[in-house]
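*Asks:* Chain residues, written in single-letter form:
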Amino acid sequence: MAAKVTLQRESLVPFIQILGPDGMANPNDVVELGLKPHDFKALYRWMVLARTFDERALALQRQGRLGTYAPLLGQEAAQVGSAYALKPEDWVFPSYREHAVLAMRGQSWLQLFTYWGGNEEGNRIPEGMRNFMICVPIATQILHATGAAWAAKLKGEKSCAIVYFGDGATSEGDFHEGLNFAGVFKVPVVFFCQNNQYAISVPRTRQTASETLAQKALAYGFEGVQVDGNDVFAVYKVTRDALEKARAGGGPTLIEAVTYRLTHHTTADDWTRYRPAEEVEMWKQKDPIKRLRLYLEKQGLWSEQDEAKLLEEAKAEIAQAVAQYEALPKRDVEDIFKYMYAEMPWNLKEQLQELKDYLAEHGGDLPHE
Amino acid sequence: MPQMTLVQAINDALKTEMRRDPTVIVMGEDVGVNGGVFRATEGLYQEFGPDRAIDTPLAESGIVGTAIGMAINGLKPVAEIQFDGFMAPAFDQIISHAARIRWRSRGRFHVPIVIRVPYGGGIRALEHHSEAPEAYYVHTPGLKVVIPSNPYDAKGLLISAIRDPDPVIFFEPKRLYRAFRQEVPEGDYTVPIGKASLVREGTDVTVITWGAMVRVCLQAIEQLEGISVELIDLRTLKPLDIETVLTSVAKTGRAVIVQEAPRTCSLASELIALINERLLLQLQAPVVRVTGYDTHIPYLTMEQYYLPDAGRVKKGIEKVLSF
Ligand SMILES: Cc1ncc(C[n+]2csc(CCOP(=O)(O)OP(=O)(O)O)c2C)c(N)n1
Ligand SMILES: [Mg+2]
Chain A
1 MAAKVTLQRE SLVPFIQILG PDGMANPNDV VELGLKPHDF KALYRWMVLA
51 RTFDERALAL QRQGRLGTYA PLLGQEAAQV GSAYALKPED WVFPSYREHA
101 VLAMRGQSWL QLFTYWGGNE EGNRIPEGMR NFMICVPIAT QILHATGAAW
151 AAKLKGEKSC AIVYFGDGAT SEGDFHEGLN FAGVFKVPVV FFCQNNQYAI
201 SVPRTRQTAS ETLAQKALAY GFEGVQVDGN DVFAVYKVTR DALEKARAGG
251 GPTLIEAVTY RLTHHTTADD WTRYRPAEEV EMWKQKDPIK RLRLYLEKQG
301 LWSEQDEAKL LEEAKAEIAQ AVAQYEALPK RDVEDIFKYM YAEMPWNLKE
351 QLQELKDYLA EHGGDLPHE
Chain B
1 MPQMTLVQAI NDALKTEMRR DPTVIVMGED VGVNGGVFRA TEGLYQEFGP
51 DRAIDTPLAE SGIVGTAIGM AINGLKPVAE IQFDGFMAPA FDQIISHAAR
101 IRWRSRGRFH VPIVIRVPYG GGIRALEHHS EAPEAYYVHT PGLKVVIPSN
151 PYDAKGLLIS AIRDPDPVIF FEPKRLYRAF RQEVPEGDYT VPIGKASLVR
201 EGTDVTVITW GAMVRVCLQA IEQLEGISVE LIDLRTLKPL DIETVLTSVA
251 KTGRAVIVQE APRTCSLASE LIALINERLL LQLQAPVVRV TGYDTHIPYL
301 TMEQYYLPDA GRVKKGIEKV LSF
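For the record, the sequence lines run as chains A and B. Residues in the first sequence are numbered from 1 upward in steps of one, following this note's numbering. Residues in the second sequence are numbered from 1 upward in steps of one, following this note's numbering.
Any given hint could turn out to be false.
As a list, the in silico DSSO-like pairs of lysine-lysine whose alpha-carbon atoms are at most 27 angstroms apart [to be verified]:
{"id": "1", "chain 1": "A", "residue 1": "Lys338", "chain 2": "B", "residue 2": "Lys15"}
{"id": "2", "chain 1": "A", "residue 1": "Lys356", "chain 2": "B", "residue 2": "Lys195"}
{"id": "3", "chain 1": "B", "residue 1": "Lys314", "chain 2": "A", "residue 2": "Lys349"}
{"id": "4", "chain 1": "B", "residue 1": "Lys315", "chain 2": "A", "residue 2": "Lys330"}
{"id": "5", "chain 1": "A", "residue 1": "Lys286", "chain 2": "A", "residue 2": "Lys298"}
{"id": "6", "chain 1": "A", "residue 1": "Lys245", "chain 2": "A", "residue 2": "Lys284"}
These aren't lab readings, by the way, just hints derived from the structure by calculation. Since the structure is predicted, the reported quantities are computational estimates derived from the model, not experimental observations.
Looking at chain A on its own, in the form it has when it is part of the complex:
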């Protein structure tokens, strides 16, 4: 007799949530995090800072004081929770939306404004810091993370790499190649996918017929896990566990943080063209910041006064960065040529001189036309 085959619609990967939208959490799950009240407050502070930065950056762009900007609104927990689990010796490979991650890793808000203001200096990573630069070509950074972590393994270091990318990125060939190499060579890398449900206008269901993104890991021979990306506790937990596993020689993990981009893809986008307002409203109910605040309040760790004070401090911190950003000196055109090679070849020297001569003929800058 033929064996009975049952088709299951159950997910192939676990889905982890600790903190619900109502701010409720199972106390045992929280204890297991190993975090103290000051950690909770630090997580909250980072999320609030990130949102304050985001609001300010959007406003500056609308006023013509910043270039095209990619907001993170709604994705604060995914970023803050994961970055909180990192060690300084770990490598971070961001895409373009990880403002909170970069700030937590020690890059200044000023530096972020500088980048989004269209100044290459914003990409200058402070010496010794293991952050790589903002990556715009989708999914390409995944391979770099695999390589950096692979090198750590080959050199016998205890560091890992984490790479951030979106749901859309999982469709690129580089995603496949990066995960495949990591699986084959058992590389200590964490693939952190922020599934914010859209790649610009294209919904997640148009990227893959796969039930989840996390389960793609199984085909590469390693673990995949889905986590509530708006739950900072759960995100912290799965990232920490994945990093610990990697450090212990257990190889890579793919984390799919299920979250939502609450506003436009970038300031050049208009979300009303491709998704209903009700959907956005529904996700606003799952706001990651509100959730942690409710929890803190319930635990008696947070008051109205604390909130007011934090908001004020966050505003001041960001305002100071804006002031510094807007006071940045005008750069010399040599900056365009300076970093092409270790040593400037003859053609660049000639072209730089050509440009300098041209500007000199017009009183030191471009002629007004």
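Fit chain B with the ligands to the known structure of chain A by using the hints.
*Replies:* Showing chain B with the ligands alone in chain A's frame:
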């Protein structure tokens, strides 16, 4: 006749061809529901449905590779690559396959696809959104490369590209998308591939350019007094309209080439070689190049120093005249 911007003319060309020929389909990232990030494909999804205005997964190699497969099986895909900088993942499919299939199959198969690409700098965009990569594709045997500089040409050239039996890389200068309007005929007309346009006649010097630089050159020419400039808009970068170029340079004896792409091994380099090979003894001066520099195009606070402006074009013209 309706007045259209360049991006509206592109949109109109797509609609015109899709209405005429049911095998024409549009595919790419955000080209369906959203109508394209520049709105070039606006309304196609509504008029032709999701099977002809196709939102693809985010994968450029996938877009071009599957377009090739569709083309050999009878469809005429117009694939959009969202920005010039993101052609790179599709490069393999373009150069190893699209460009070679007619040759490799001894004419049995061919690839009538169009790859539309918003092109070039000047819109204060992020990194990888302002590139001028035409030289790679002009260099590759088996491809055609087209770049309009105004709405009328954009529509006529795109219709020609869609009807062309070979793969066409169709660069759209994004800084011209909404820069100005022009009368564009309704319905069907073509502008031939392989034919340059003589924008302005003159006798002292020939300026050869394409894309967004056509307007920059016109601006420069208007500022020059007492110099008679002949301006050629190549429109097709490959196959090059060598006859128009040589006829003009033989007449003026002087040439300036203006492009926003980096200088080394660029189309400007090839034009100089062609002119020198055929007209060296008729030249009054070495040909001058006004180009982007051999660096990456800077981020938005500095890109204006990189892109040729009217002042640099004037300087180039003065240089070739004062030799
Ligand atoms: C290779 C490449 N193709 C296209 C783009 C244009 N683009 C920028 S962001 C984006 C969508 C990315 O979606 P996702 O990976 O989900 O990340 P999200 O923006 O949602 O964070 C696209 C298509 C790009 N930057 N790189
Ligand atoms: Mg996304």
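*Asks:* All hints are to be evaluated individually against the structure, with a verdict given for each.
*Replies:* Taking the hints in turn, this is what the structure says about them:
1. A hinted pair counts as satisfied when its Cα atoms are at most 27 angstroms apart, and A/Lys338 with B/Lys15 does not qualify at roughly 47 angstroms.
2. For the given pair, A/Lys356 sits about 37 angstroms from B/Lys195 by alpha-carbon distance, which is inconsistent with the 27 angstroms threshold.
3. Proximity of B/Lys314 to A/Lys349 is assessed by CA-CA distance (about 22 angstroms); at most 27 angstroms being required, the pair is judged to hold.
4. Between B/Lys315 and A/Lys330 the CA atoms are separated by roughly 25 angstroms; this keeps the pair inside 27 angstroms, and the hint holds.
5. Of the supplied pair hints, the one linking A/Lys286 and A/Lys298 holds, its CA atoms being roughly 17 angstroms apart against a limit of 27 angstroms.
6. Between the alpha carbons of A/Lys245 and A/Lys284 the distance comes to roughly 33 angstroms, so the proposed pair goes past 27 angstroms and is violated.
In summary, the structure is inconsistent with hints 1, 2 and 6 from the numbered list given earlier, while agreeing with the others.
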